[in-house]
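**Student:** Residue numbers (the working numbering), protein chains in the order written: chain A, 1 to 190; chain B, 191 to 940.
Source of the hints: derived by calculation from the structure; they are not laboratory data. One should not assume that every hint holds.
Dumping the calculated DSSO-like pairs for lysine-lysine here, alpha-carbon to alpha-carbon at most 27 Å [claimed, not checked]:
| # | chain 1 | residue 1 | chain 2 | residue 2 |
| --- | --- | --- | --- | --- |
| 1 | A | 40 | B | 782 |
| 2 | B | 431 | A | 162 |
| 3 | B | 549 | B | 525 |
Computed footprint of chain B on chain A, listed as stretches where at least three residues anywhere in the stretch have a Cβ under 8 Å from a Cβ of chain B [to be verified]:
| # | stretch |
| --- | --- |
| 4 | 28-41 |
| 5 | 139-150 |
| 6 | 175-186 |
All C-beta atoms, glycine included, are put in the ideal place defined by N, C-alpha and C.
The primary structure of each chain is shown beneath.
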Amino acid sequence: MAPAAPDADAHQQLIDQLDIHSIHKPFRNHHWKPNQRRNKNIKTILGDAVRKEASLMPTQDNSGAATPNPDESGTSTDGESTPAVSTPGSIQQPNLAQASRNLSKLVLERNMRSNGFSTAPNATYTNIESAPSLAHPKHYCDITGLSAPYTDPKTRLRYHDKEIFGVIRSLGQGVAEQYLEARGAHTILK
Amino acid sequence: MAPSAIDTPMQDAEPENNVPPPQLYPPREAHFEKFIEPRPDGYQKAKSRHGDRAAIVIDNGSSGTRAGWSFEDAPRFNITPIFSKYRDRKLGKTYSFVGNDVLADTTARGHMRNAFEAGSGIVSNWDVMESLLDYVFIKMGLEGSNGGVDVPIVMTEAVANLPYSRKSMTEIIFECYSAPSLAYGIDSLFSYDYNNGKTGLVVSSSHSSTHLIPVLNSKALLTQATRLNWGGSQSAEYLLKLIRLKYPTFPGKLNSSQTEYMIRDHCYLSKDYDQELSTYLDWTGLEDRDHVIQFPYTEEIIVQKSEEELARIAEKRKESGRRLQEQAAKMRLEKLIRKEQELDYYRDLQSKLANESKKEVKRLLDSEDMKDEAALERTIKELDKSIRKARTKDVGGPEVEEEVEEPDFSLLEIPDDQLDEAGIKAKRHQRLMKSNHEARARAKAEKEKEKARVAEEQRLDEEKREKDLEGWLQERRNAREDLIQKMKDRERLKADLGNRKSLASQIRMRSIANLASDNPTKKRRRGNDDDNFGANDDDWGVYRQIATGEGSDDEEEEDLGANLKTLEADLLKYDPEFTDQHTLDAQTDWTKSLVHAFLRGPRPFDPKSQAEAHQLHLNVERIRVPEVIFQPSIAGLDQAGIVEIAADILTHRLNGVASQEAFLKDIFLTGGSSMFQNFDERLRDGLRASLPADLPLVMRRAKDPILDAWKGAAKWAGGSAWKNAAITREEYLEKGSEYMKEHDLGNAYS
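Go ahead and model the full structure; you've got the sequences and the hints to work with.
**Tutor:** This is the structure in structure tokens:
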């Protein structure tokens, strides 16, 4: 699509017309300063989420900041039993320590639920991925894609017939590995 | 290239001129089309509508960003989510391009970046995303008079979008563009809603992934949603990989945009994959199955010389040849004259010597560097002979048979003691001559004998053929088999020698060591000095064996081929059962080759033709690539195929949720990758196999698998559901960037 020399001017004009850098954008907030490191790939995002979650757990439960209270077992925020009914006295005598404890438990439970520990897990990006197939995978020729009754023990390539086998044996160095890679069966050196 | 076999496919491939040329398809790829004008009319209309009935709807997909006004029935534009920014140092100016505008310039192309993470529907480059949104708002004519986008925004996002991703988008929309409200939804659910779906299974196969989402009473059961990491982009990459492997030396440039179009134009889902595959490269119908993509090429210009020019060149060549001949003749003539002069001189000398004294003779001879008169005689004789020869050659007279005069052996009979010194010398000379002469005669006789032997052999052979044709033929057949086997063995040996660890290589190394060593063989150790090496002709084969690489396939190889040719010629002539088809040549002909059919289709391949070198043949790939969604293991994806997922959701995971039948009655296909021919049929047939026979099974496709998501979102925007689902600016400011509202067509909080 690169234009020839006589078209250079026309092309420059077109480029200037298409350019949006020089266009004034009044709808943008000019004080908007995004985080310099906001571009993350999925792996980093998921890794960050896991780390965040891991750091949350001890602070909520095992930090040692709050001593396990013997009558804690009675107080549940599940909503199944109303605290008011089971421990009527607590309303009259608000125990500050217990209240803060209940709050932290609330948060923890909320987090647990969101992290998929509760009975009905939420759909997350990772857990909606389809599981590996249970069906027996059929074998297809790596070169042609036809059915492959044979496997070459040397290259591990599957092949259709002896003619294809001849092709496999005449492949250059590393080509067999590329064929395996297309099928995801290549060796990954770490 | 005339194939010699005579079956049906052969006939239509035989003469090149009566085969119609193959249908050629040009390669297509995404390219810059035209400048999109910013159109403020929509914005003015939106402003004049008051209230909440007008929103900007953006279907933020990985294949394309489709944006438009909610009150219109189609998006204003559909752009690829790519962005390019670079600084032109010469002009001192920074350029930014978005969408297909990037493709207008080569430099811009080089700086292209995608908003989405490759192979997923998750935005990972927010700078690109921001520029995309800038572009959308510019082209939709937003004035930004109050310093922001003053229209509500409705956007689609991936199923189970990552919280970080959603948070970043929300931040940008509210912080950077100051929008009054924002609502998210899932594209495939919008599409389903637009197609009046209430309860059913949504199968959405899009650019980056394939999702299956059961919907019950218009509410998506997201906990049962399943994603298969395969979509149009993965298919394109896969096809690109396959083509690069298929044509490793393809001269044209290939990219995934081209393969994406190839998939769109040429690929289809096979109704019965294994069945169709088994006959895909068969001759019958290969013409229709084999699609040829012709890439642009420049034909090598072979200057066609005119008849006149050719004649002139020939004339020139002849002329120069004649000149050379003339020169040579002249030189020969000069030489001849010189020789004649010499001859005259010597003759003169000889006659003079006749009447001179012995001393004078000696002096004269010495001055001529001659030993005695005999030498002079010899010189004269030689000169005379050469002159005569040259004359006959020049004049073209009859070839004088070089008379082989029996040399004079008279002295040999006389004993030495009767001879003087000169006599003995002459005798020695004569003896030498005699043995020479005899050897020549012997060789001649041997040659004659050999000729006679061959003739006799041939006669016997013919006799045998006449007497016992069957036996004779059998002999030939066996010989032919042996020869072919020998050729094969040689081939294999050559191949094996390439591998250092193979048996052949090891034997070769041992032979070399043996040959190089001074006293290696066992025989010698046993005291037998002679190991008889060479007594058997095959012994020399060891040198053949150890020679590898260049020059190892020497004339003997040729010999095998020639021998085979004569044997086959004999068989062709006398064996009624041995036809042209049975020759080795015919059997290794391209028409028999599966690889040829795979690489070059049903026509002969001319490696010199630039046009054919720039052709891609799509045949098995046409069904192999789309098949991956049903059998992900083909492309090495360790996930269940679409049928398995659907069957699992319908038969196991929805148990107890509602009656299964309700879902089966509406299996809804949407997304660009669902547009393959036979997609619905394959899914139906696959599901049929894993469901009870009496259950209803209804498939339907979206009216427009690509745009219905946008249309659904536009329909939804402005309604009461939207009002409840949208996050207003106030809510954002109060509750933060991670705040979201759940609704029927959107993601759940996670």
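**Student:** All hints are to be evaluated individually against the structure, with a verdict given for each.
**Tutor:** Structure-based check of each hint:
The hinted pair formed by residue 40(A) and residue 782(B) fails the criterion: a straight-line CA distance of about 54 Å is larger than 27 Å. Distance hint between residue 431(B) and residue 162(A) is fulfilled; the C-alpha atoms sit about 24 Å from each other, no more than 27 Å. Restraint check: the Cα-Cα separation between residue 549(B) and residue 525(B) comes to about 33 Å, which exceeds 27 Å; the hinted pair is violated. For a cut-off of 8 Å, the count of residues in the stretch 28-41 of chain A with a CB near a CB of chain B stands at 8, and the three-residue condition holds.
Only residues whose C-beta sits within less than 8 Å of a C-beta in chain B count toward coverage, and the stretch 139-150 of chain A has 6 of them, enough to reach three; the restraint holds. Coverage of the stretch 175-186 of chain A by chain B holds. Counting CB-CB distances below 8 Å, 8 residues qualify, and the rule asks for three or more.
In summary, the numbered hints that this structure violates are 1, 3.
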